[in-house]
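Heads up: the sequence lines are chains A and B, in that order.
The first sequence lines up with residues 1 to 317 when you count with this note's numbering.
The second sequence lines up with residues 1 to 283 when you count with this note's numbering.
The hints are simulated quantities; they were obtained by calculation from the structure and are not laboratory data.
For clarity, every value in this text was computed on a predicted model and none was experimentally measured.
We put the CB at the ideal spot given by N, CA and C, even for glycine.
Treat the hints with care, as some may be off.
[Claimed, not checked] What the simulated footprint calls covered on chain B by chain A, stretch by stretch (three residues with Cβ under 8 Å from a Cβ of chain A suffice, anywhere in the stretch; the number is not a length):
(1) 60-72
(2) 102-113
(3) 266-280
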Amino acid sequence: MNAVEARGLVKRYGHITAVDHVDLTVRAGDVYGYLGPNGAGKTTSLRMLLGLIRPDEGTAKLFGREPLLEGARALDGVAGFVEAPRFYPYMSARKNLELVAALDGGDASDRIADALETVDLTTRQHDKVKGYSHGMRQRLGIAGALLRDPRLLLLDEPTTGLDPAGMRDMRALVHRLASEGMTVLLSSHLMSEVEELCDRVAIVSRGRVIHEGALAELIESTSGRYELRTTDDDRATAITARAEGVTELETTSHGLTFAADERAVAALSLTLAEAGIGLLALVPRTATLEELFFRLTEGDQSERPPLRVVETTRSAA
Amino acid sequence: MTAIAAPLTRTRRPGVGTVYRWELVKLRAQKRTYIGLGSALLVPMIFIVALLTGDGGPEGIPFARYVRESGLAIPLVSLIFGAIWFFPLITALVAGDIVAAEDSNGTLKTILTRSVERWQMFVGKVLAALTYALAGLVVYVGVGLFVGGLFWGFDPLVSLSGTPISVSRGLTLIGASTIAYFMPTIAIAAIALLLSTVTHNSAAAVVGTLMISLIMQLLGVITALDFLKPYLLSEQFNAWQGLLREPIDWAPVVRAAWVSAAYALPALAVAFTAFLRRDVAGG
């Protein structure tokens with residue numbers, strides 16, 4: 001049974017379609033990234049999954065249960081937060097957790113101490129939440145989620161607003177929870193975050209899912225490109241253009257890039273050496289998730305930041 | 001935490017009682033609760049201090065002439081004062097905030113993603129708001145009675161029909177009057193809850209409730225609209241006076257019951273439906 005199964009979710013606000021026929025499948029055990037720019041409809045989708053808002057069309061099921069039809073029962077084993085986690089500012093963190101544990105029922109209240117320990121808030125548990133920093137509130141949000149002993153954790157932009165140390169700690173926590181077997185659905189506009197934490201990904205743009213699948217496969221699909229720098233790039237360009245099996249040749253400010261299989265690359269390196277051209281770098285180049293994202297959403301220039309290239313450590317010279 | 005594909009189904013689920021208890025905990029932690037209850041305590045005290053320091057007193061209202069003769073008259077006169085705007089304000093202070101504050105804090109999404117159904121959450125909130133209103137009323141009446149009795153003693157009272165009322169019967173009737181007074185208070189709370197639910201704004205709900213209450217007071221003094229008077233909520237705050245007649249005149253009390261219900265039930269029904277069906281999109 002899938003942890004999350006959304007089919008044809010649509011949410012409109014007036015003439016704006018915030019979520020446009022979104023299908024999502026999160027399998028049990030996945031660490032699933034829901035990636036898209038701000039305003040792409042990620043939070044709205046998560047709210048529909050949790051039954052906080054009603055879809056105009058489509059269905060959302062969590063472990064086969066539909067929150068809109070089954071109410072709170074459909075959220076058994078599910079926890080998380082959308083946007084920033086919110087608590088009662090005039091009560092202590094401990095009191096807030098006691099409250100949500102009471103609303104969870106069962107033995108949730110027995111887990112308060114462990115949850116506080118997990119998010120490193122034990123020493124501040126009796127402080128009122130209004131005095132908490134953003135990062136502490138995020139961690140308290142995770143603690144509140146853990147009280148439900150979830151099998152599925154839905155986290156909406158969990159590192160937004162955190163300082164670098166807070167981001168590192170939050171990612172480490174998510175990583176640890178995932179390694180313990182929890183299914184995680186994590187929405188983010190930070191591609192590096194999704195790349196670091198997730199094994200499957202849905203890329204959403206303007207309310208629509210434009211790609212869904214394994215992250216490794218997505219990145220693997222872009223392999224086969226190389227970057228070449230030589231002692232004489234002009235002659236190297238001419239030789240590469242004539243080389244068998246080389247396609248998509250492009251010159252850049254640092255040299256040239258091309259697509260080829262390994263056999264063609266090996267042959268090219270020999271040809272260049274025979275021509276007296278020294279190889280400074282011949283580097284397999286894998287597109288980052290960021291590049292893939294913009295490739296998939298090509299045409300929307302408003303969403304395009306400067307591209308970043310990640311080079312693998314493998315190189316030929 | 002263990003990895004299991006299918007979630008556990010909770011065997012022991014919280015209900016309305018849990019929500020109600022925690023709503024009271026939240027109320028106890030909020031300043032507005034103490035402002036309301038503190039005012040309910042302070043106003044009768046101010047009235048008593050004014051009576052102690054001056055010769056004059058309230059005029060033209062039932063039991064006004066007995067305020068320096070029996071402590072039993074103090075809470076009854078206070079009830080008449082409170083009906084104009086004071087008690088609607090105290091009631092709205094919490095009832096108008098109890099849903100809207102969850103919106104402004106963004107905590108509605110926190111509590112609605114736990115194991116409690118929305119209807120249970122709403123009912124728990126309604127009960128908590130009514131408990132607070134009742135507590136305010138009991139404080140208001142109790143302080144007037146207790147402090148009034150300290151200064152002027154618990155002497156027999158004269159009924160609105162001119163017959164004497166013993167102290168024990170007077171106390172019983174004050175208790176019954178408090179209950180009668182609570183009926184329109186429930187309706188005020190229901191209106192405040194409705195505004196709180198649909199406006200998502202505490203200030204708008206509190207002020208809106210007070211405005212509705214004052215408009216009803218205004219309609220009540222326009223002679224041309226006398227035909228409306230029996231159906232105005234503001235009039236039902238005086239229904240308890242029927243209990244202070246000999247024999248008891250139940251007609252205004254019965255009318256207060258159904259008129260209050262006629263305001264409260266639709267308001268609660270609309271609020272309930274809105275709460276159940278609303279999108280929690282903020283926070």
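For each hint, the structure was consulted:
| no. | hint | in the structure |
| --- | --- | --- |
| 1 | 60-72 | violated (count 0) |
| 2 | 102-113 | holds (count 8) |
| 3 | 266-280 | holds (count 3) |
Checked against the numbered hints listed earlier, the structure breaks hint 1 alone; every other hint is satisfied.
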